[in-house]
Amino acid sequence: MNDIKNQTIEKPEEPEIATPEKKEKYRMRLSDKIIAAVLAVFFICIFYIVLDANKYRATVRIAPGEGIVGINPSTASLDFGDLSRGASAVRRVALKNGTNLSMYVAILKIGSISDLVDISKNNFKLKPRSEEKIEFTVFVPASAEIDKTYSGRVYLFKIPIF
Amino acid sequence: MATNKKYLSWFIYFAGLAILIFALPKLLSLGLRTPSPMAAITSGSMWPVLKQGDLIFIQGIGAKDLKIGDVVVYRNQINNTFTIHRIAKLEKEFITTKGDANFQEDPPVRYEDIVGRALTLSNKPLRLPYLGSITMLASGLK
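Chains L and V, in that order, give the protein sequences. For the first sequence, the residue numbers in our numbering are 3 to 164. For the second sequence, the residue numbers in our numbering are 130 to 271.
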């Protein structure tokens, strides 16, 4: 019998298994955190301003003839009705600031009607607890297409000033 | 060596850009045969062909080449400004123009007051939207 105690038993070599390198966990630096926070606040502010904006649909139909002014009792939208070339119509929007903060008001008009609409007041400061009436005037030029409906949207942005 | 090459390429890029910016008006002036090759639209009198804030190109033109319907630029003697309107009538000594969006014709214009004709593309004046506003803003800042 062999003396097992004194014998050194060689272990079979274990095959090396390639272990995937541990991914280094990305840690935000303080400056990154500050930038992220500022951007987050900025986007929340923009989101709020856009969401809070007064939105109006604006339309005008060009009627044949002269001196035709359509009547539209609706106040929910800036519908100027039917207008003939050379005619104009005015719609008013009352803007109320019920907060204790001043608001910067900016009006944006888009669409085919935007070239025809004139705004009485734009890019102004609205004082706290005050009201302002804004007039939207449409004038139909000589080159407007008869029977065409010019439409678009008007956005009224209110940006709080701290 | 690689860094020098990089700097050289940046230098060439900026030099090219500067030449382009400063030489463009001169080149346009030569190509379009007019001392005022560009104009910004400041009113809606030519709506919808030309809109406020557009930038248009002007080409020099001889009096005999003018025809009714051309959009021309002329020096307004009353207030010493430029006006861009369409030719409505051609007479022996005067031209009558009218803005497309206007209801009335302009006062007669002398042939020598015509600066040029709007450069057209497919029979429509070539316009660069909003670029006119930028040039107006830039000239206001000077």
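Hints should not be assumed to be uniformly reliable.
[Said to hold, decoys possible] Have a look at the derived ranges for each label pair, beta carbon to beta carbon:
{"hint": "1", "chain 1": "V", "residue 1": "K218", "chain 2": "L", "residue 2": "I121", "range": "31 to 37 Å"}
{"hint": "2", "chain 1": "L", "residue 1": "Y50", "chain 2": "V", "residue 2": "E234", "range": "47 to 53 Å"}
{"hint": "3", "chain 1": "V", "residue 1": "E234", "chain 2": "L", "residue 2": "T139", "range": "39 to 45 Å"}
[Said to hold, decoys possible] Calculated lysine-lysine pairs in the DSS-like style (CA-CA distance at most 30 Å, straight line):
{"hint": "4", "chain 1": "V", "residue 1": "K134", "chain 2": "V", "residue 2": "K180"}
{"hint": "5", "chain 1": "L", "residue 1": "K57", "chain 2": "V", "residue 2": "K180"}
{"hint": "6", "chain 1": "L", "residue 1": "K160", "chain 2": "V", "residue 2": "K253"}
{"hint": "7", "chain 1": "V", "residue 1": "K193", "chain 2": "V", "residue 2": "K180"}
{"hint": "8", "chain 1": "L", "residue 1": "K150", "chain 2": "V", "residue 2": "K193"}
{"hint": "9", "chain 1": "V", "residue 1": "K180", "chain 2": "L", "residue 2": "K127"}
{"hint": "10", "chain 1": "L", "residue 1": "K135", "chain 2": "L", "residue 2": "K123"}
{"hint": "11", "chain 1": "V", "residue 1": "K180", "chain 2": "L", "residue 2": "K123"}
{"hint": "12", "chain 1": "L", "residue 1": "K135", "chain 2": "V", "residue 2": "K221"}
{"hint": "13", "chain 1": "V", "residue 1": "K180", "chain 2": "L", "residue 2": "K150"}
{"hint": "14", "chain 1": "L", "residue 1": "K150", "chain 2": "L", "residue 2": "K98"}
{"hint": "15", "chain 1": "V", "residue 1": "K155", "chain 2": "V", "residue 2": "K196"}
{"hint": "16", "chain 1": "L", "residue 1": "K150", "chain 2": "V", "residue 2": "K221"}
{"hint": "17", "chain 1": "L", "residue 1": "K98", "chain 2": "L", "residue 2": "K35"}
{"hint": "18", "chain 1": "V", "residue 1": "K155", "chain 2": "L", "residue 2": "K150"}
{"hint": "19", "chain 1": "V", "residue 1": "K253", "chain 2": "V", "residue 2": "K227"}
[To be verified] Negatives, chain V to chain L, calculated, CB over 12 Å:
{"hint": "20", "residue": "N133"}
{"hint": "21", "residue": "F140"}
{"hint": "22", "residue": "S174"}
{"hint": "23", "residue": "W176"}
{"hint": "24", "residue": "V178"}
{"hint": "25", "residue": "K180"}
{"hint": "26", "residue": "K196"}
{"hint": "27", "residue": "K227"}
{"hint": "28", "residue": "G228"}
{"hint": "29", "residue": "P237"}
Hint data in this document are derived by calculation from the structure and do not stem from the laboratory. Model, not experiment: these values are computed from the prediction. Where a beta carbon is used, it is the ideal one built from N, C-alpha and C, also for glycine.
Structure versus earlier hints - violations, ascending order | Per hint list: 3, 4, 6, 8, 12, 14, 16, 17, 18, 22, 23, 24, 25, 27, 28 violated.
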